[in-house]
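Peer 1: Read top to bottom, the protein sequences are chains A and B. If you're matching positions, the first sequence starts at 4 in this note's numbering and goes up one per residue. If you're matching positions, the second sequence starts at 36 in this note's numbering and goes up one per residue.
Incorrect hints may appear among the rest.
To be verified - One side only, chain B facing chain A, incomplete, derived with CB under 8 Å: (1) W123; (2) N124; (3) S125; (4) A128; (5) T151; (6) M153; (7) V155; (8) V157; (9) P158; (10) R161; (11) G172; (12) Y188; (13) N192.
Since the hints were made in silico from the structure, they are not lab data. We put the beta carbon where it would ideally sit given N, CA and C, even for glycine.
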Amino acid sequence: MDERECGLLFPDDRSVPDDEVLLRRIPRWHVFHDENMGRVRPSSAAFEDDGDGDPMSVYLSGIIQSEKRTPDSVLAGHADYALAGLSAGLVRELQQTVHPDARDDTAHEVVCGSKTDRTRRNFAKRSHWVIPPATLL
Amino acid sequence: MASIAIPRSNTGVMLSRKQRDVTSSGATMSRYALLTRHEVALPAFISAGPRDQIIVTLDAGLTEGSIPEWVRPTAEAFADILELRSGWNSYSAQPVDPRAVETAGSLLACIMAPSTPMPVIVPTVRGGLQLEWHRNGLDIEISVNPSRPITVYAIDNRSGQEWEGEWSPDDTTLSSWIQRL
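All chains should be modelled from the sequences, with the hints used to inform the complete structure.
Peer 2: Rendered as structure tokens:
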């Protein structure tokens, strides 16, 4: 979906501050050691829109905290996954919107915008681990 | 010619990596048997064989002991990602399309030298895969999707030199980047 469609269908929720951390589950298939960066990080392939065409799913850390939950609640039922964090500011900088979608989880949001290769590489390199992969624990 | 075969078990039961059987046969035809559920042909290095196999075909004169280091782990990684089922990323991802693996195998056969390091192989949500290298100051990412052209992004982080484009077999640009890994 492009910027215009996202603005219409998934408008940006400005109540989410730029320093809010958006949490994204990362399967082990998308984790590797980047020798250039000297660290294990997610592949850019981990930051695509959903396979069914829906925008990329994330969870708001602020809502999780306000509900007295911990980030690992996002991994419930998903063994062997890690949890990466992206700031809402970074997402907006890359022409994406952050839109609430609390159908299944009050903290669930979607990140809408064109996920070019460059956008996904930016997400991958500028994300951080909230819950690192099991191989790093 | 020599081959590495990655066949499916007769019963169709999936076995873990540890349980995969490794065998070899005659002097002119070497085979490693690994279990998977797809038939995948990877020309030049991996070719069509009996149903539900990944067969890696090596250049004439190569023996089992001289198989390039990247070949077997790459074939195993292909077999592994072909076993992923719908929703493997917890966000509605589609299974990897065997045609994407065939295409990736053809590409690797064109660009890899015996000493080239193995790529990181990652599945993508719409049935494709990415081949990636991040070493020696270089980032190279190749996107392979069953119904789209192969696209490449490469950057030398030291010089800032970048290349982004579609790959074709007669274009040597990608090979020249791979040689620098």
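Peer 1: For every hint, state whether the structure bears it out.
Peer 2: Now the hints, each set against the structure:
At about 7 Å, the closest approach between the beta carbon of W123(B) and any beta carbon in chain A falls short of 8 Å, and the interface hint on this residue holds. Given the 8 Å rule on beta carbons, the hint for N124(B) holds: about 5 Å separates it from the nearest Cβ of chain A. The closest approach between the C-beta of S125(B) and any C-beta of chain A is roughly 5 Å, which is under the 8 Å cut-off, so the hint is satisfied. Given hint, A128(B) at the interface with chain A, holds; its Cβ is 4 Å from that chain's nearest Cβ, closer than 8 Å.
With a least beta-carbon distance of about 15 Å to chain A, the hint placing T151(B) at the interface is violated under the 8 Å criterion. Given hint, M153(B) at the interface with chain A, is violated; its Cβ is 11 Å from that chain's nearest Cβ, farther than 8 Å. For V155(B), the suggested interface contact is upheld, since its CB lies about 5 Å from the closest CB of chain A, less than 8 Å. Evaluation of the V157(B) hint against chain A yields a held restraint, the C-beta minimum of about 5 Å falling below 8 Å.
Taking 8 Å as the C-beta cut-off, the interface hint given for P158(B) holds, the closest approach to chain A being about 6 Å. With a least beta-carbon distance of about 6 Å to chain A, the hint placing R161(B) at the interface is held under the 8 Å criterion. Below 8 Å, beta-carbon pairs count as interface contacts, and G172(B) has one with chain A at about 6 Å; its hint therefore holds. The interface hint given for Y188(B) holds, since its Cβ lies 6 Å from the closest Cβ of chain A, which is under the 8 Å cut-off.
Here the hint on N192(B) is kept, as its CB sits about 6 Å from the closest CB of chain A, short of 8 Å.
Consistency with the previously given hints fails for numbers 5 and 6, ordered from lowest to highest.
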